[in-house]
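Chains as they are written, first to last, in the working numbering: chain A, 1 to 218; chain B, 1001 to 1256.
Treat each hint with caution, since some may be false.
To be verified - Anything over 12 Å on all C-beta distances counts as not near chain B; from chain A, calculated:
id	residue
1	Ile-15
2	Gly-24
3	Tyr-197
What the hints assert, rightly or not - Calculated cross-link-like contacts (lysine-lysine; reagent style BS3-like; alpha-carbon spacing at most 25 Å):
id	chain 1	residue 1	chain 2	residue 2
4	B	Lys-1193	B	Lys-1168
5	B	Lys-1166	B	Lys-1122
6	B	Lys-1193	A	Lys-135
7	B	Lys-1122	A	Lys-135
8	B	Lys-1166	B	Lys-1118
9	A	Lys-135	B	Lys-1166
10	B	Lys-1130	A	Lys-135
11	B	Lys-1079	A	Lys-135
12	B	Lys-1079	B	Lys-1166
13	B	Lys-1082	B	Lys-1168
14	A	Lys-116	B	Lys-1082
15	A	Lys-135	B	Lys-1118
Just so you know, these hints were derived from the structure itself, not from any lab. In this text, a Cβ means the ideal position worked out from N, Cα and C, and glycines have one as well.
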Amino acid sequence: MGLGFTIIPKYLDVILLGCAWTIGITLAAAILSFIGGILFAVIALYAPWLIRQPFRLIEWLFMGTPLLLQLFLIYFGLVQIGIDLPAFVAGIIGLGLHFAVYNSELIQTAILSVDKGQMEAARTLGLSRTEALRKVVVPQAVRAVIPPIGNNMIALLKDSALVSVIGVSELTLSAQRVIGRTYRPFEFYLMAAACYYVINLAMEWLQRKIERRISISR
Amino acid sequence: MTDPSHFVEIRHAQKSFGALEVLKDISLTVERGQIVGIIGSSGSGKSTLLRAINDLDPLTGGEVWLDGVQVNQKLSHRKYEKHINQMRQQVGMVFQHFNLFPHMTARENVTMAPLMLKGISKEEANTLAKEQLDKVGMLERIDYYPSQLSGGQKQRVAIARALAMKPKLMLFDEATSALDPELVEEVNLVMRKLAEEHMTMIIVTHEMDFAASVCDRVLFMDQGVVVEEGPPDVLFRNPTQPRTREFLRKHLEGAK
Ligand SMILES: Nc1ncnc2c1ncn2[C@@H]1O[C@H](COP(=O)(O)OP(=O)(O)OP(=O)(O)O)[C@@H](O)[C@H]1O
Ligand SMILES: [Mg+2]
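Whenever a hint applies, use it, and build me the whole structure from the sequences.
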């Protein structure tokens, strides 16, 4: 059996649907990981000891264990305590929290490296510490780490293939299913790879756009 | 405890950083509309004293009063936060390194705090920004970011930012020390303008000529104490203390 790419159009809709799932899950998880990252960072640096503890547990769980296990735990494990999430939601939460922990590390370092005159100037005007963090310190910290966060988001895109193990028909699983029917692994895995490549390009473009937009303001 | 009758009153201020005693029993009063200069060599405690007034560097002993209210009063943590934020709104501060918010335009730098703390509308904030930036001659750069401004322009925006809170008192900590010499005058000009409007000001400075021309009274600090104070023409021309004379002589040599 030689190569035959002419078979691709017949299954294009399945692949494109998988693509859509991958994009959707990646975007939702990216947003969750961004907001979660800021939240975790502020908690790690400023919350009272008692509040920090459960978050340290979350941090350990999401940094110290395989993502695969985290997805199983959220999808299969939580059912036992009555939390029955749709597979794609479990996937978004798993990916989102996993990368939130990594983003939080970056943001924490960035917050600490914001000049302390910034906090002082804000406090001098009468802002509370929380207000000063929200309006002055955190926005500057986040701007400084957009490039490394962008790298995390590319990793997130790649790891989104893992949600196939809990049955979400994202790009990789869709390709697999088509291959099961057509016995054309080379063609369809290449096709999927091309899709990831395009999404990757789009994300890099988006990152550059965000960077340019906010770098004027530095 | 009786309310002091002075506008600003510092009573027996004492401050230690660990074992290092930086302020040693300093008392000082400033009346409404007065301009007081503080001079002294590096490390003498000028900034620490200034920063104690709005509790940025809390005193370890003594009291600070502003307009009949004790700034550093003992309160529970939560109450104190509320109180001190209230007090700080009434005291403008200008830093050596400007500390403008780099992610905000001049307009946003000026309006951020009034918008958050005074509940003014967007339009009112706009008017306020124009008014304050016009006052410091920066209206044309209202939508510039700090990175697009010179040092002197940055400092003028920083002054506008402080003035936008309509403070009763302005504190200047070496506002021109980080500036290239040719940019100093534009900032001094703004400060002179404030003086003409009878703004109460406490100015830490290394510029003796400026202090002499704008201040009602000048304090010379050394090693955590006020060595000598008086009207500028007396303090600069006929200082009574040897340490003051020494400092001024060295300063004059340094300036040459
Ligand atoms: N946060 C701090 N921790 C420890 N020591 C400090 C701190 N801030 C100031 N000091 C010390 O307190 C002393 C007085 O400092 P301060 O900044 O008030 O001096 P200054 O008169 O403003 O000097 P300069 O002209 O250099 O600004 C110095 O010896 C300084 O090292
Ligand atoms: Mg100083």
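Here is how each hint holds up against the structure:
1. Non-interface status of A/Ile-15 relative to chain B is upheld: no Cβ of that chain comes within 12 Å, the nearest being about 42 Å off.
2. For A/Gly-24, the shortest C-beta to C-beta distance to chain B comes to about 31 Å, beyond the 12 Å cut-off, and the non-interface label holds.
3. A/Tyr-197, annotated as away from the interface, keeps every beta carbon of chain B farther than 12 Å; the closest lies near 34 Å.
4. A threshold of 25 Å between alpha carbons decides the hint, and for B/Lys-1193 with B/Lys-1168 the separation of about 16 Å falls inside it, so the pair holds.
5. Between the alpha carbons of B/Lys-1166 and B/Lys-1122 the distance comes to roughly 17 Å, so the proposed pair stays at or under 25 Å and holds.
6. Under the criterion of a C-alpha separation no larger than 25 Å, the hint pairing B/Lys-1193 with A/Lys-135 is inconsistent with the structure, at around 31 Å.
7. A C-alpha spacing of about 17 Å is found between B/Lys-1122 and A/Lys-135, which places the hinted pair at or below 25 Å, so the restraint holds.
8. Annotation: proposed proximity of B/Lys-1166 to B/Lys-1118 holds, straight-line Cα distance about 11 Å (limit 25 Å).
9. Between A/Lys-135 and B/Lys-1166 the CA atoms are separated by roughly 21 Å; this keeps the pair inside 25 Å, and the hint holds.
10. The suggested pairing of B/Lys-1130 with A/Lys-135 holds, with an alpha-carbon distance near 21 Å, which does not exceed 25 Å.
11. Among the hinted pairs, B/Lys-1079 with A/Lys-135 is consistent with the structure: their alpha-carbon atoms are about 22 Å apart, no more than 25 Å.
12. Our distance criterion of 25 Å between C-alpha atoms is met by B/Lys-1079 and B/Lys-1166, whose separation comes to about 23 Å.
13. The suggested pairing of B/Lys-1082 with B/Lys-1168 holds, with an alpha-carbon distance near 18 Å, which does not exceed 25 Å.
14. Taking the CA atoms of A/Lys-116 and B/Lys-1082, the gap is near 21 Å; set against the 25 Å cutoff, the hint holds.
15. With a C-alpha separation of about 15 Å, the suggested pairing of A/Lys-135 with B/Lys-1118 holds against the 25 Å cut-off.
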